[in-house]
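The listed protein sequences derive, respectively, from chains Y and F. One point on numbering: in our numbering, the residue at position 205 of the first sequence is 205, and numbering is uninterrupted. Remember, our numbering sits 1000 above the position in the second sequence when you count from 1.
Derived from the structure by calculation, the hints contain no laboratory data. There may be inaccurate statements among the hints.
Covered stretches of chain Y (in silico footprint by chain F; criterion: 3 or more residues with CB under 8 Å from a CB of chain F, positions within the stretch not fixed) [said to hold, decoys possible]:
hint, stretch
1, 47-54
2, 72-86
3, 104-115
Here are the simulated DSS-like pairs of lysine-lysine, each with C-alpha atoms no more than 27 Å apart in a straight line [said to hold, decoys possible]:
hint, chain 1, residue 1, chain 2, residue 2
4, F, 1088, Y, 131
5, Y, 126, F, 1138
6, F, 1180, Y, 53
Not close to chain F: a few residues of chain Y, all C-beta gaps over 12 Å, as computed [unchecked claim]:
hint, residue
7, 66
8, 126
9, 196
10, 209
Even glycine gets a Cβ: it sits at the ideal position worked out from N, Cα and C.
Listed here are the chains, written in short residue letters.
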Amino acid sequence: MPYNEKYLPVPYIKIDEYGNILNYSDEARKIFSFEKMNVASLLDEESVQKLLKNSIPSLDKKCFELNFKTFDSPFALYDVHLSWDHDHIGHLVAMPKDSGSVRIVNQLSSLQQRLSSTNFELYEKKEMLEKALNRMNILSGPFIGITDRIALVPLFGDLNGEKMIAITSNVIQQAYEGDYDEVLFDFSGVGDILEDGISKFTELFNILMCMNSISIRIAGIKPVHAQTMNRLGFDLEAYFDTSLKDVVKNANKKSAAL
Amino acid sequence: MNQNSRELAGFFLEGNIDEALRIVRECQRDSTSLEVFSSLFTPAMNYIGELWENSEINVADEHLATAVCDMVLSQVFPGYVKGEKVTKKAMLLCLEGEQHYLGLKMINRLFEENDWATKYFGSNLPLEYAVSTAVEWKPSVIALSVSIVYHLPKLKEYVMELESLPHKPLIIVGGRLAGKYDLRPYCSENTLIMNDITTIGNWLGQYQLGEKVNAI
Ligand code: B12
Chain Y
1 MPYNEKYLPV PYIKIDEYGN ILNYSDEARK IFSFEKMNVA SLLDEESVQK LLKNSIPSLD
61 KKCFELNFKT FDSPFALYDV HLSWDHDHIG HLVAMPKDSG SVRIVNQLSS LQQRLSSTNF
121 ELYEKKEMLE KALNRMNILS GPFIGITDRI ALVPLFGDLN GEKMIAITSN VIQQAYEGDY
181 DEVLFDFSGV GDILEDGISK FTELFNILMC MNSISIRIAG IKPVHAQTMN RLGFDLEAYF
241 DTSLKDVVKN ANKKSAAL
Chain F
1001 MNQNSRELAG FFLEGNIDEA LRIVRECQRD STSLEVFSSL FTPAMNYIGE LWENSEINVA
1061 DEHLATAVCD MVLSQVFPGY VKGEKVTKKA MLLCLEGEQH YLGLKMINRL FEENDWATKY
1121 FGSNLPLEYA VSTAVEWKPS VIALSVSIVY HLPKLKEYVM ELESLPHKPL IIVGGRLAGK
1181 YDLRPYCSEN TLIMNDITTI GNWLGQYQLG EKVNAI
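Please take these sequences and the hints and turn them into a complete structure.
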């Protein structure tokens, strides 16, 4: 039965066993560029080998995927159907991947992308929160110079290790730069005292006392704080004053006496 | 290629996460992450490429395998707890349109294990985003991954623009194509081009060592 290949309603390419293109349908012409009349020139270079593997003329019809260069894209995936006749002529039909599977694959990719960007955003939020927390921790123990010689560090909130670490570096730096004799820690605003908070607090005391022998006073300790601190073995030659008022009074007396 | 990689590829294609996890965990017991990546994951994924060339699987299967491989990677190498002083910063990305991100994900892990803070963007990051993040975050290293030949012209744009940022980041280029072609024409003489994961693994080790020596 004679037929005109030009009018086949599918992208059809007729090749010889060397891959030379002998004819093609109008449908194929709409998709591929037939500048060079060799089938390899229609393919993504890393699909050529695969076509060769599948081009050993046999009478079985073969179906497999290849990436083609098309007018729309440099690598478009096609289902290729290929069969050879008795004259070693290859008949190749290239059908675009059916839209259903393309859709699913695209959805899968976009889900994956979303998952990884959600992950990333969560990570960024976590970083932001950590920064904010650290800033809050530093602000929970501001260093305030009251006179040239005396500085006040009012502590706020629960006293944990993390907060103390944030406060420590700030206090040490300022105490060092300001050349103070006395640093007052006010516990009036402190809620709970935790074990790691106390151990870091002890470290801070030790560092301050080593530095220019700064003397330390503590005010505003509540009975519960005293108990906890005792239990956690807090034992330093610091001066305890009951309230900030007393401390300031004492400080005033001292400066008056000078 | 070893038997383990072939088996792993099979589980990726079946969507069998549990068995895939088992193989990886077993291998992990007496290997470094670098070894697990280079001699288990990479050959497994490349074997999947061979299966496609032999018409034994379709691209759709590759997508499933990729998703499973990604999940396994995330499970076996979850968020890395960094050391106290992380000062080195690296940003990792695939060029716009590039969807081959698995290799880069492994590279990201190696950076993390060597105490780098990283921003890992995975696949398909347009240059304008890369530039704006780099300007703001100032990473000292920007790692680019490229797998598809067609994306090469874009590589040059990325390299030139990122290298000319005011803080002068070091650009490292890798990915499938780095092992296959000479990428120098698409880079500058300052760009580091690395053929494979072992090269960057060694480089990270050397860098760490250099820092320690400098600290003394
Ligand atoms: C699995 C796979 C996919 C997966 C993605 C997997 C992934 N990596 O994320 C999916 C299914 C999504 C995919 C999609 C496509 N793929 Co694909 N894919 C593959 C396959 C089979 C394996 C790749 C792989 O995962 N290797 C393992 C990883 C770990 O290796 P790697 O990426 O090279 O990374 C290692 C090193 O390079 C290095 N490294 C990586 N990044 C970096 C960065 C730095 C800085 C450094 C130092 C090192 C480094 O470390 C890694 C670890 O060892 C290859 C086949 C092959 N021969 O490679 C085809 C292949 C790469 N894909 C190809 C194609 C054409 C496509 C599609 C266009 C198919 C289609 N028509 O839909 C799409 C489009 C993707 C796009 N727009 O980017 C072609 C590319 C041809 C070409 N001319 O370039 C190949 C070669 C297949 C083929 N023979 O045709 N693919």
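Structure-based check of each hint:
no.	hint	in the structure
1	47-54	holds (count 4)
2	72-86	holds (count 3)
3	104-115	holds (count 6)
4	1088(F) - 131(Y)	holds (18 Å)
5	126(Y) - 1138(F)	holds (19 Å)
6	1180(F) - 53(Y)	holds (22 Å)
7	66	violated (10 Å)
8	126	violated (9 Å)
9	196	holds (16 Å)
10	209	holds (25 Å)
Hint violations for this structure: numbers 7, 8, all remaining hints satisfied.
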